[in-house]
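Chains as they are written, first to last, in numbering that gives the first Met the number 0: chain A, 0 to 273; chain H, 0 to 200; chain D, 0 to 947.
Please keep in mind that the hints were generated in silico from the structure rather than gathered at the bench.
Do not rely on the hints blindly, as some may be mistaken.
What the hints assert, rightly or not - Derived DMTMM-like pairs: lysine to aspartate or glutamate, alpha-carbon spacing no greater than 20 Å straight-line:
#1 D/K866 with A/E221
#2 D/K62 with H/D70
#3 D/K758 with A/E219
#4 D/K291 with A/D262
#5 D/K62 with H/E147
#6 A/K132 with D/D96
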Amino acid sequence: MSRDKTSRRDFLRSSVAALPIISLAATNHGAESQQGSQEKFQPEEFWRERMKAPDDGKRYGWFVDTRRCFGCHGCEVSCKAENDVPLGHFIRQTIYKDVGEYPKVARVFLPMSCQHCEDAPCIKACPCGALHKEAGGTVAVDYNTCCGHGTCVEVCPYGAIYLDPVAKQAVKCHNCYHRTEHGLEPACVPTCPSEALHFGDLNDPQSKISRAMAEAKTAEGELQQLRAQKGTKPRMWFAGPAPPAVEDDIPREGQSYSPEAYDIYNWKKHERPV
Amino acid sequence: MQRSTLSPALPEDAAARSGTYRLLARLWLREVNRDFLRLLLTPPLRDSFIAVGGILPAADDDATIEQLAIDYCQLLVGPANHLPPYQSVWQSGQFQGATTHSMQRFIDVTGYDTGALTSGIMLDHLGVQLDVMGHIVSQISTWPDTPESLTHALDVARSFFTTHLMWPNDLLNVAAQQATTGFYRSTILLTRDYLMSELHA
Amino acid sequence: MNDSNRESRRKFLKLGLAAGGVGAAAMFGLTGCGGGTRASPSADGSKPGQSTGNLPQGIDLEKWNRIKGQPYELGGFGAMPGVCPLPGPLAKRNWPDVNKYKGAKVVPGQCQLCSTVCGIVGYVKDGRILKVEGNPNDPNSRGHLCARGQAALNHQYHPERLLYPLKRVGKRGEGKWKRITWDEALDEIAVRLKAVRDSGKPEEFAFHQGRLRSQDAVDRFLNAFGTSTQLSHRALCSGTRRAANSTYLWESDWDLNDVEHSKYILNFGSNAFEAHQGHVPFAVRIQNGRYKNGAKLVTFDVRLSNTAGASDEWFAPFPGTDGAIALAMCHAIMAEGLHDADFITTWTNVTIDELREHLQPYTPEWAEKVSGVPAADIRRIATEFAKAAPACTTMCNRGSSAHLNGFYNDRAVHLLNAVVGSVGKKGGWCWSPWSGVDPICKPPDGPPKAKTWSVLEDPPEYALANIWNRMRVGEIVYLYLLQGRARLQAYMTYNLDSPLTWPEESITQRALTDENLIGFHVCINCFYNETAHYADIVLPWTTFMERWDLEARSSYNLRPYVGLRTPMIEPLGEARDVRDYFPELAQRIGGGMEKWYEYGSTEDYIRHWAQNVPVNPATGKGGLDRLLEEGCWENTGQPPFYEPYNIALKDSDLADAVVDEATGVITKDGKGIGVMQGGRAVRGFMTPSRKFEIRSLFIQKIGRNEDCSDMIARGGGKGANRPAQHAGHNIDIDQMPSWFQPVEHESLNDDELVMTSFKWNVHNHGRTMNLKWLAEIVHSNPAWLNPKTAAKHGVADGDWIEITSYFSRFLEDKSPHLVHGERDESGRIVAGRMRVPIVTMQGIHPRAIAMSNSCGHWQYTTVAQAKRQSPAASSDDSYLAGSDSEKFRDADWERNMWWEDSSNGDPRTWKRNTGGGWNQNRLLPIAPDPITGQQAYHDTVVTIKKIG
């Protein structure tokens, strides 16, 4: 019955391709790897152990189905409430982009947070040895150690870390391990009214996330990752139209999520300064 | 900045200190009514209140009581642009934060009787805190009969003061500016002065 | 300590002795503050004031030794980011706290930050709610919760919440108050209400609700009092859609589109992904329909909402032309022969020929002319829709219905489902008779309905406003008061922010200020809002996490359920709910009112109400005890409400029933119970013809003030004649779903635009801008313009314009009783002027200008006004440890709030994405659809001019 089901996807693809800034940006950043960051990395023996997750047989990951997301911000506010994130700072955010020209316009939504990279540059760069992996591969900060150098912010390719204005320490998504240990999902997941967010064990083919990813692959083909060319092996996969349309507007090294993402003047793809 | 020592050498002052705390508590917890205002206007309370910088209205007529009630309300109750006198609000931006729970623990430990409080009052209201401190201080004069128990009592007092009576500096400064009656402005300032005096005693 | 300090110390001790001489605190009158007997619970659950120690009134050494030394870890709340933990280092430690949820109690509830009322749970520890989440047991919302619900903690613990009853001391609206006790408040209210009752004009006591989810408690009070002047906001919300549904169905005013099982969803102006009465439950099912069932979603909307933006296709019609497009689609479907001839013939009350003839003028080419949507697209979408039948459905809401022609828009949209035969089908256009709590739950018996009449509650000009149910016409209330058509001796407002949410803010303010029009105003609210500002007494209300209700909405599972709202914690301060003090008020007013409150406590009442919730075999618990554990119970014994018209009547129903030869309508005791279909006696529709009434003789006769008793009887349930007071207010209502365009749109001048309104996904209309986590995402509302339109007016992003709005010319003709205001040189009546910045957006029709509601508060906490709190104290006296001059009240707010606007409205210094926005209702005129009374939020003609 989905005769014309592809219309939105096709339209979005053609619209995104039609915007020179995107393809240009994609090329530019495609050439990047962790080159700029590497000089900020600590010697390997300093972080080798912290890069290893305590092995409990689990491999945590994220799947974000941007076909389903309609930008309600429920995940972000749930995250604020769970972690009491100060105003102006964000552990997760959803970026809006309007794609196309009147009368053919669509809006895409990209919810995102720390990608929990397997080869996490923040762990490599952390001068205090605070960034480390928890069970399942969760990249987390040890607050008895973090002194707020901010080097992690400088090297994160996704702008997913901020420095807390009071604690003067790095804050990022920690997969709500204080909740998962009690059998709860991360705060952003169950609340999602579009059922676009999935978190769980990628090693378990029967986990909700594994099944959702398999279904999406069948419908959409290969899943996408953000800035995969950075080579950090992110543990977050995406389906749907948002990643190519939004990728260029995601904060990058040296940046953090900012209120600008919510500014309606920035919803417009074509006028966004890079 | 000096930390409170609450010198152990002063158990003999405890009754007086307790009295001041409980008087201030009453002033913060409710707007004054006629009976209370009459007490304040009567010696020796009147003279001692004035001696510490208190400003008293000339009379206890309806208009004065109404004016004081309005000032108390706009300062501490609202509905808008007021200064909620709760520690949680000033320290965590919301009602019923960790300090409320800490107050409950102190109340459990010290046997303070909440029965006299207005129903529903959140326990980290400055008035409650002053009253609990008054209660704790009164224990210093009445209960400890050994040096060891005195030490414990002072320990509780010191801990309570540090935890629950060293926060309201900003509240007191802004409230003094926002008060429209001499009575409440002076009440606020003498609360501040008394806490300072306790800190350095 | 220096000498002066020593002197000061000495004086303080003297004061203390003097005070001690007078007596302990009790002598100072700490007691006797009134207001109930609730006292704070102790952390360990023991009674307050009881010491478990060895000495009464003494310090419990054993306890002290256990807890001393770590005062700030006592509560189990670790240091919070962005907020100074005092005393001690500012660094986070052991964060996130793995013990946060350890030992937390899970208490169910129902959200009330919008009307969807999703099931929630609160994690409660040490008397504090740690987190609010969706309740997976809620069959409707399935455990999901949107951003609003997630901001529940902001609502609950907001430092500017109202905690005590207040009494006005200055002039009304001056903002001067004093605190009073509950006893004083209730005494005064009772005296005033008793006087109204004794005056013989009980209808001059009006209860005016915003969002109300305690209908039973309010009904009980008003009926016991004897007034039926209960005012609402339904006409500002859903009046037209309800009237259109009722015209076809009678049984229900609420279509429930079975989108989860659909193959094709045709959306006319509904923004279900952001704001809808069924928001979360509906949205998740739409996405399941699309991504699990292969449905296509097509949206027609003037503005690219998130729903439109996430649809498979979006079309921007000229404002208010949804009905024209829908009729043209019906036309196209019938022209292609894709209609469901069987359904039309069997289940509607028109023939195929009649319908085809009726639709004949509504060609796609005609619709293109009025709507701008290409005829080819109209044909294509119509064909796709029809081919998906019966698993296809329309959906619509205020986008199509909040128009001067909204009643015809919605009838036309609904008609599509009849033409393709998806009415009541799985995946189609459905409804259910269960709009609230499962009727197997019955509250204790209440008083009979009061039978008074007030022009405010039942204005005679609006024929369909109160026919099937009480929708009323909220937006005329203040105007009618000012016109002297009514006065109120007493006025009780509840969860209402009318100055912000009602059209024509200035009219609302004038009426609320005038003590001759409103003699006495009691306002019940959690926060001091723009309505409270004009009250005489303000009563602090409990939040939805502090009170009791049984709760449910029309479920998209098409079967009934029950949800429980229960206090998760003790109310803060002296906040109380009407359920708890209406009995006391009734007692004080007396005169028989009190006898309706003999059911015991509020909990007893709820327990009685919930007693028929069956036992869960797994837990052995039923009734309230089951709900206290699970939060919700769905009546799964009830099959989903598909094709109810085909349900066969039982033999017992048919005993003594009479069949009308001509129509097949089956009546019993003069009341319709069904209809003969192909030799079977079936339930049919609950209309006079027992069919889906495409042709409604009833609404035409109601419009003419004719007696419809026989029709109402055949419908067998809902529906009423218009009362005598309506005589002389005749109105033409078309029997058939036709369509017209308001004259001012038909001949829109070149320089004119049509203003449309919208709601954000993080806000409701007037009650969420005080929540900082939501205000951070959306706090302002520049006007949307298409870039082409902006260029034509010489404005660009961030430029400011002055908008002038005009009263409807169509209403000047149809509703002369509304006309007020001055005409400008062009002869148009000016409704308002306002200066706002613009944002150019590709996603808006070039003849439209869009502004959101929710913004522009001038009360409702400093957060809603995007202002930091009072100027911080000077820090030169920072002798107290831990003082921090930067830290003031909500440290997070004071330090980190980033969108304060210091421009004072000066376009040259205003920065994008700052400030609290503008109240669109300064521009929008009172504009009820003359048939239903629904406020036409999307039709106002405006002109714009660049400024600055």
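Status of the hints after comparison with the structure:
no.	hint	verdict
1	D/K866 with A/E221	violated, 48 Å
2	D/K62 with H/D70	violated, 40 Å
3	D/K758 with A/E219	violated, 32 Å
4	D/K291 with A/D262	violated, 33 Å
5	D/K62 with H/E147	holds, 16 Å
6	A/K132 with D/D96	holds, 17 Å
In the structure shown, a violation is registered for the earlier hints numbered 1, 2, 3, 4, in ascending order.
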